[in-house]
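Enquirer: Now that you have both chains on their own, put them together as the hints suggest.
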Amino acid sequence: MLQIKELKAGIEGNQILKGINLEVKAGEIHAIMGPNGSGKSTLSAVIAGKEEYEVEGGAISFDGENLLELDPEERAHNGIFLSFQYPVEIPGISVSNFIKTSITEKRKAQGLEPLPTKNLLKMMREKMELLSIKKGYLSRNMNEGFSGGEKKRNEIFQMAMLEPKLAILDETDSGLDIDALRIVANGVNKLRTGDNATIVITHYQRLLDYIVPDFVHVLHNGRIIKSGGKELALELEEKGYDWITKEADKKWA
Amino acid sequence: MGLIKNIKSYSEGIQISAEKREILTSFLSNGFPTTKDEEWKYTSLKKVIANEYSIENKGTIIDSSVIEKYSLGLKNKIIFSDGRLINSPSIKGVNINGFSEFESANTDSILQLNKALSKNGFTISVDKNTALENPIEILFFSTTVNGFSQYRNQISIGENSEVKFIERLQNLNNSASFVNHFTQINCAENTKVEYNKIQNNTAESQLIDTVNVYQEQDSTCNINTLIFGGSFIRNNLNFEQNGSNCESNMNGVSILNNNQLADNHTFVDHKSAHCRSNEMYKGVYLDNSKGVFNGKIMVRPDAQKIDAFQSNNNLLLSDTSSIDSKPQLEIYADDVKCSHGCTIGQLDDDALFYMRSRGIGIEEAKAVLTYAFASEAIENISVEQVKSLAKKLLAKKLNVDLDFSL
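Protein chains in written order, with this note's numbering: chain A, 1 to 253; chain B, 1 to 406.
These aren't lab readings, by the way, just hints derived from the structure by calculation. Using N, Cα and C, we set each Cβ at its ideal position, and we do this for glycine too. There's no promise every hint is true.
What the simulated footprint calls covered on chain A by chain B, stretch by stretch (three residues with Cβ under 8 angstroms from a Cβ of chain B suffice, anywhere in the stretch; the number is not a length) [unchecked claim]:
| no. | region |
| --- | --- |
| 1 | 44 to 50 |
| 2 | 71 to 79 |
| 3 | 166 to 174 |
| 4 | 200 to 209 |
This is chain B alone, in the form it adopts within the complex (with noise of 0.2 angstroms):
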């Protein structure tokens, strides 16, 4: 059986346009992908697909209790429970609605099954000229047993907007459920938007998380990756930059421990000029788990004056933990200045000793040194909630009673 077998006999059972039945046909002729793709070389779904999923969503309904649980307590929520929406806030400026049909671009095998099977999910648009002072937080909670859940987003921001997101995924079981989630960000001119994902799962979820974000003259866009639990994450953000003078900026942390593997996918389309983007990921891998980053910038021949720079830094902080490092640059424009680096290392016996000598703990001192290393990028998180969560879930990862502020 598996995942393959789960969507044939789901999927004969209900009604869909002509369309998604001819891209499922082609979704389930490719299959999904294997190692010998060059996009999934280091990842392998073969486990992920090997278990058996229930596709319709026999969830249970939450209490508010849940809900305070996993929020980071901010005025404006929008909660899904087993793919319905079940709180949308009213927000001047903004419309919330939820699932609605789109076009995107269908590159791999998995949006293709997102595009043919998908029916949960947010549309958001936000009028031009609005700024948001509250950050809109999104929360997918699940109480399905083995779930294997679609979503499809659609943001639209209007020119001149600003607007920022902080999204979560929560299984309320601990079931290996499994997540194909996709999200549309359009960025009209001169807007600026911070989107803020909060991947700490439960032990045994997987997630496959895909962003496109299409951005005009002029705007801003940031995304922050925060990855401390579940068993499988790949993240894929696609940057499309179509006017001069925008900037696409991406922090990652992954603190990584037992079995767990998170695969940052990035890629940052340059097809115009005057534009910048920056990438900061930091990955931290404890035990048995691994890390995969590969961070694709493209230049297009007519993008000059292009400012791109891409790091990723990792810890193994364990024999058996690994990182798969990758950048990709391809350059068809003379006047850019594009950098990149990577370094794979431990930390410093002779910063350890020094903070012993003061009376920290080895533990309390590796965590100090793993938050010292991974503070750069939780930094440039503007949201102090998520920041400030983002420090304690750090220490609960690396089991110390630290605060990091002050």
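If we strip away everything but chain A, and leave its shape as in the complex, we get (with noise of 0.2 angstroms):
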């Protein structure tokens, strides 16, 4: 589905992924874990299309199409989503408007009428209900005042009602609760395919007792520097990374 290939990118002229491979297959969940500044952040913003980033080698397919080729809209309307570590506040459009756009648009995209109001609520109606979210929720302004819990079930609702084919959740366990992040995490198991695929950004091993993956990746200084299975997790939650980024700081000094 996903395959990154010696993907070197930056902001500013300073290079922060400097060579990252990734191969995400349909069905897989994949964790990404590293130190802060590692990178992580700007992966997922380069997979989505964020323009700031300047992509200076490499190459990133999705669905053997060349993602790097594509807006960041088109790369959504090919399934990608990506839940923001900093949801963007929008005061003046209220949450079933945006998300009514976001569906419409992405339909027309596919050359698809619009859905019918009837049936977006009440696909509205049955995704918050699986992430427990409350009435009258629907009619905020996007993301206005909302506490950074709120923020994040928003995002996981958006993905339920995008149902992308792959999900990069970038921090999503931030700002979470032990409540909300069971919730949240429900949530994404829930909307688990076989024929979609998910990214976890995460500092902590904590989302990974909720969303177990397939595989964890260690991002440090701008490449992946150890990949293993969901025990990795468990081993750099008890020692930390030092113990690996000792090591690959000698190898590519």
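Expert: In structure tokens form, the structure reads like this:
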């Protein structure tokens, strides 16, 4: 589904990603862990198509198509979804209006008619239930005055509505208390099918107790320095990052 | 040649009263305001008045499909065609007539000209204790090529009455028409008035629109101005509060492109204590368009406990668009709450990326953010049909197929 080869990218002349290789297949969950500043959020921004980031080398293909040639909205139409670490507040647009617009635009790109409002609202209600979202939420302005947890839940709600093929959850656990974490993780698990895939970016092992990854990758200084199964996350929790980063620093010095 | 000469030669051939002749003479000696005039510092009439205009209305008959096209489909319609009143609804408690003479404060030369030569317009008087459920829609059509038209309208609302209006001036050809529009609204005690102006005329249309509102105690008057079309628009909204517990509200949304200019001048004269005023103007400027906002708030010495708020927020969406914004507060009472705020900005790149990552194309994302920016003022409009028209026109102006509803 997603293939990243020797990806080098940066911002304002600073190279942050120094050769990333990653392959994600349908049905898989990958966790990307790593210390602050290792390039985790840059990787997600580059996959989603944030224009400030310059790709200096390498390739990303998604379902066989060259992703780097597509606009962010085209990537979304093709099934990529980024759950933002810091979701943006958009005063003046209700959650329902925002989601309706994004679903309508996605359908338009696929040559489909807009979903009738009735069906859309029904779908919204179902997904709200899945994520234990209270009534009245749909008419609130997009992320405006939302708590950290509400913002994150709103991201997963949008993901549930847009049904992406590949979801990238960028630090979705930050700002969530344990109950919210469980609800969000539960939502992600329920949305999982054999056809979609998830990349979970996180600092902590905690989220991975709920969303169990098939693969864990450690990102450090712009490179994946170690990959393993879910037990790697537990090992990192126990030993920290030092034991592998030191080795890597020696290698790339 | 130009408009002044057109007016001169037109006025030489007509009969008017000595009083009007005197006012006209005064106008002709003063001429139109120039940018040396403080009130017209940022808005030049030079090009507007350099054109040749036809002052006698030489219109053709309009058919009902035209009316349908521009009407909001409301039951109560007052329709003018080239100055002639061609339709007037009969509403219980409301008297609707054509043009009538009335006194007005002729504070500038534009109003002098209006007073001297207007012969078209409406006169509406609403009885006391009359609350109209349905708004009154007022449509002014013009078929005259390069027409210069003047309308002079008066509305008197009787005590305890409540009325809503929607007004639209529509040119039916693409020529450079110019309208000098004046409306005086007298709000008696405990009245509620909402006046909605849809300014979406053809690309070359030009307009100076002045509204003088006189409010008695416990009255509320809201004026909403939606500017989408027309090459030159100058609005003057003047409120005079002559009793306690008055409220004056103004909402404005301007979405301009190409070489459009829209100038909103507002003046609230707080003459009595315990009154409120609230202004919210949102401007969006594309291409080479230009906006002007001048909001004057005067609080007279005895007008204590005034609560006046003014905001003017602007989005400049191109490198060559501009806005001149000027709050003007003159406060002579010491126990008042007056504040104003002005912002000028661009669309937030992070918000644009956020929306694009959700599959919303860049033009649509810009439109949604622009709508979000303007929606606060649009939501203050109480007539649903006006609100939904505003949303439609906004989408059309920004070239997107979105409906902003749900």
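Enquirer: Now look at each hint and say whether the structure bears it out.
Expert: We went through each hint and held it up to the structure:
1. 44 to 50: holds (count 3)
2. 71 to 79: Contact hint for the region 71 to 79 of chain A vs chain B: holds, 6 residues under 8 angstroms.
3. 166 to 174: Violated - the region 166 to 174 of chain A has 0 residues with a Cβ nearer than 8 angstroms to chain B, which falls short of three.
4. 200 to 209: Coverage by chain B is violated here, the residue count being 0 at a Cβ distance below 8 angstroms.
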